[in-house]
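*Asks:* Sequence:
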Amino acid sequence: MSVVLPFPATGPTRGDGLASLPDSYLPLLSRLETAPPIEEAESRLVDRALGLWSRPGFETFVSLPELRFEPFDFQLNAAAAVLRRMRGRAILADEVGLGKTIEACLILAELRLRRVARRILILVPPGLVQQWREELERKFGLPSEVLTATGIPDHARGDDPPVLIASLASARRPPLREELTAAKWDLLIVDEAHRVKNPRSATGRAVRAISARHLLLLTATPVENRLEDLFQLASLVSPGLLGNQREFRSRHGSNGGEPRNLAALRSAMRDVMVRHRRSEVALMLPRRLARTIPVKAGADETALYQAVSERVRREGREASPSRAMALLALQRMAGSSPAVMEPILTKVGWSDLAERATRLGPTAKALALMETLRRHEAQSEKVVVFTAFRQTLDYLARLASDAGLRAVIYHGGLSRHAKEQAIADFREDAPILLTTEAAGEGRNLQFCHVMVNFDLPWNPMQIEQRLGRIHRIGQTSDVLLINLVARGTVEERILELLEAKINLFELVVGELDMILGRVEEDFEFESVIFKAHLASADDAEFADRLEVLGDGLAQARRGYLASREGTDRLVGEQQVGPR
1 MSVVLPFPAT GPTRGDGLAS LPDSYLPLLS RLETAPPIEE AESRLVDRAL
51 GLWSRPGFET FVSLPELRFE PFDFQLNAAA AVLRRMRGRA ILADEVGLGK
101 TIEACLILAE LRLRRVARRI LILVPPGLVQ QWREELERKF GLPSEVLTAT
151 GIPDHARGDD PPVLIASLAS ARRPPLREEL TAAKWDLLIV DEAHRVKNPR
201 SATGRAVRAI SARHLLLLTA TPVENRLEDL FQLASLVSPG LLGNQREFRS
251 RHGSNGGEPR NLAALRSAMR DVMVRHRRSE VALMLPRRLA RTIPVKAGAD
301 ETALYQAVSE RVRREGREAS PSRAMALLAL QRMAGSSPAV MEPILTKVGW
351 SDLAERATRL GPTAKALALM ETLRRHEAQS EKVVVFTAFR QTLDYLARLA
401 SDAGLRAVIY HGGLSRHAKE QAIADFREDA PILLTTEAAG EGRNLQFCHV
451 MVNFDLPWNP MQIEQRLGRI HRIGQTSDVL LINLVARGTV EERILELLEA
501 KINLFELVVG ELDMILGRVE EDFEFESVIF KAHLASADDA EFADRLEVLG
551 DGLAQARRGY LASREGTDRL VGEQQVGPR
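Quick note: the sequence shown uses my numbering, first residue 1, plus one each step.
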């Protein structure tokens, strides 16, 4: 690096044209003439220091011009409190649905843009990996990469790496676990952090082995069953804040009632925790209205469905993992559109059933959908229809066209431009959007307020993701959710279970995961349902098995509600002031 002076540093003397310079310049000239050469590394260090010095403090958000949305004031205030007062180590404990992810990403964006955090790792439950990636890309314009248990790829180790996202399950398994532990992270974010409260669990050990300068723990229920839950999480972000475990129990332990020294505990938690409640921020969503339309299938449809179910049960009990996956897809498609099952029935070798499928005309459920769409089109209401299967999507598109209904088609196989055009056409012109799960990932459809589940996912998190496309912040109308289910199907029993045991359609978006996570670690609803289906001799036994599962879900819901109330009682009302 060279330095250009306003006059020659050597050669000219006072008599060579510099007579007009004041005498005060002579010592400077003398020092410049004898100074050692400027080192490149030192120069870069000075430039970096000047750059940091010239940036505004955390009272100003330098990332705001880069955002692709407008955060709420309470989210900005939460991020500012963590950056300015908590020095980038905090528990974000807002109630479900208020945007802890947004607050964490605001903090991440600030630290990354200021070059304070370059190596960033986000650990989340498996079902939330893609949601985080969508948030980072669509709202913050930040590059990200999803890690698998095989490790960190070489291209993610450079000078300007993407934000790395991994599931908590992958982070527990080698070789990824060893690589995450060996690396030095600038920022670690853990979503659903109540899952890491136990330092002796596999997940708790894996997270505690990771070293990070800044740490954000996200959980709506930092206290689940015991006061010690709060101690474990607080000690992760601020070791020693609450003393050691013995001191904490002595100072704040209780005998079944309120913790001792509650005011002191609340005061200490304000140094590491931000919590908002919906009642405090006046963030109200429109009502969510759910309506189930049970459909009685024709005799041929019913007979085919029962034949498929019996064969799936018989073969599935001894099937290899890959064969079991095919049988699961077959059983689910039977509840969606048996009229288009011929190719998959042929593929699994059930040619007799494949031939029966080709003889089916429009199914009772498909006809019920067409009637529903005509009624809402007559009322000038836009409707988004979800199906899990591309075959069903094409089938419904043909029926809609034959019925004279204008529908836009959306699926994962479309190009990015075609996807954008489909959403634009739906917004501006077409009254109907027929879509696979692809529109349940990252697409905001608040301009629509009627949604139809043509088939019901066996994973209730997918139901919530579908509904979250229209029932979210920015929606101004009450939302109507219509579930179409054929009587006597697995889908009908799943819906009855979710409605009766956990009031699925009354939950705030995000609460379902809190409930399912309390059943057991990495609980997979779809897998449990399918295993119960295979293990049952008939539908009556299957119903009994689902009743047992439902009792567990109901208990988990009660536990979640109790932990939410317990957190409110312990943490108290927090005042996170303006930025």
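To be clear, the hints were calculated from the coordinates, so they are not data collected in a lab.
Careful: at least some of the hints might be erroneous.
Here are the in silico distance ranges between beta carbons for each label pair [claimed, not checked]: (1) THR358 x GLY158: 50 to 60 Å; (2) LEU64 x SER477: 39 to 49 Å; (3) ALA307 x SER211: 55 to 65 Å; (4) SER30 x PHE72: 31 to 41 Å; (5) GLU496 x ALA307: 31 to 41 Å; (6) ARG277 x ARG251: 18 to 28 Å; (7) VAL116 x GLY151: 42 to 52 Å; (8) ARG208 x ARG260: 48 to 58 Å; (9) THR358 x ALA554: 19 to 29 Å; (10) LEU414 x PHE447: 13 to 23 Å.
Restricting the straight-line Cα-Cα distance to at most 30 Å, the calculated cross-link-like pairs of lysine-lysine (DSS-like) are [said to hold, decoys possible]: (11) LYS139 x LYS347; (12) LYS531 x LYS501; (13) LYS296 x LYS419; (14) LYS382 x LYS139; (15) LYS296 x LYS347; (16) LYS347 x LYS382; (17) LYS296 x LYS531.
In this text the structure is predicted, and so the values were computed from the model without any measurement.
No residue lacks a Cβ here, since even glycine has one placed at the ideal position from N, Cα and C.
*Asks:* All hints are to be evaluated individually against the structure, with a verdict given for each.
*Replies:* Each hint, compared with the structure:
no., hint, result
1, THR358 x GLY158: 50 to 60 Å, "55 Å, holds"
2, LEU64 x SER477: 39 to 49 Å, "30 Å, violated"
3, ALA307 x SER211: 55 to 65 Å, "57 Å, holds"
4, SER30 x PHE72: 31 to 41 Å, "60 Å, violated"
5, GLU496 x ALA307: 31 to 41 Å, "23 Å, violated"
6, ARG277 x ARG251: 18 to 28 Å, "26 Å, holds"
7, VAL116 x GLY151: 42 to 52 Å, "26 Å, violated"
8, ARG208 x ARG260: 48 to 58 Å, "28 Å, violated"
9, THR358 x ALA554: 19 to 29 Å, "43 Å, violated"
10, LEU414 x PHE447: 13 to 23 Å, "20 Å, holds"
11, LYS139 x LYS347, "42 Å, violated"
12, LYS531 x LYS501, "20 Å, holds"
13, LYS296 x LYS419, "35 Å, violated"
14, LYS382 x LYS139, "25 Å, holds"
15, LYS296 x LYS347, "28 Å, holds"
16, LYS347 x LYS382, "37 Å, violated"
17, LYS296 x LYS531, "26 Å, holds"
Of the numbered hints listed earlier, those contradicted by the structure are 2, 4, 5, 7, 8, 9, 11, 13, 16.
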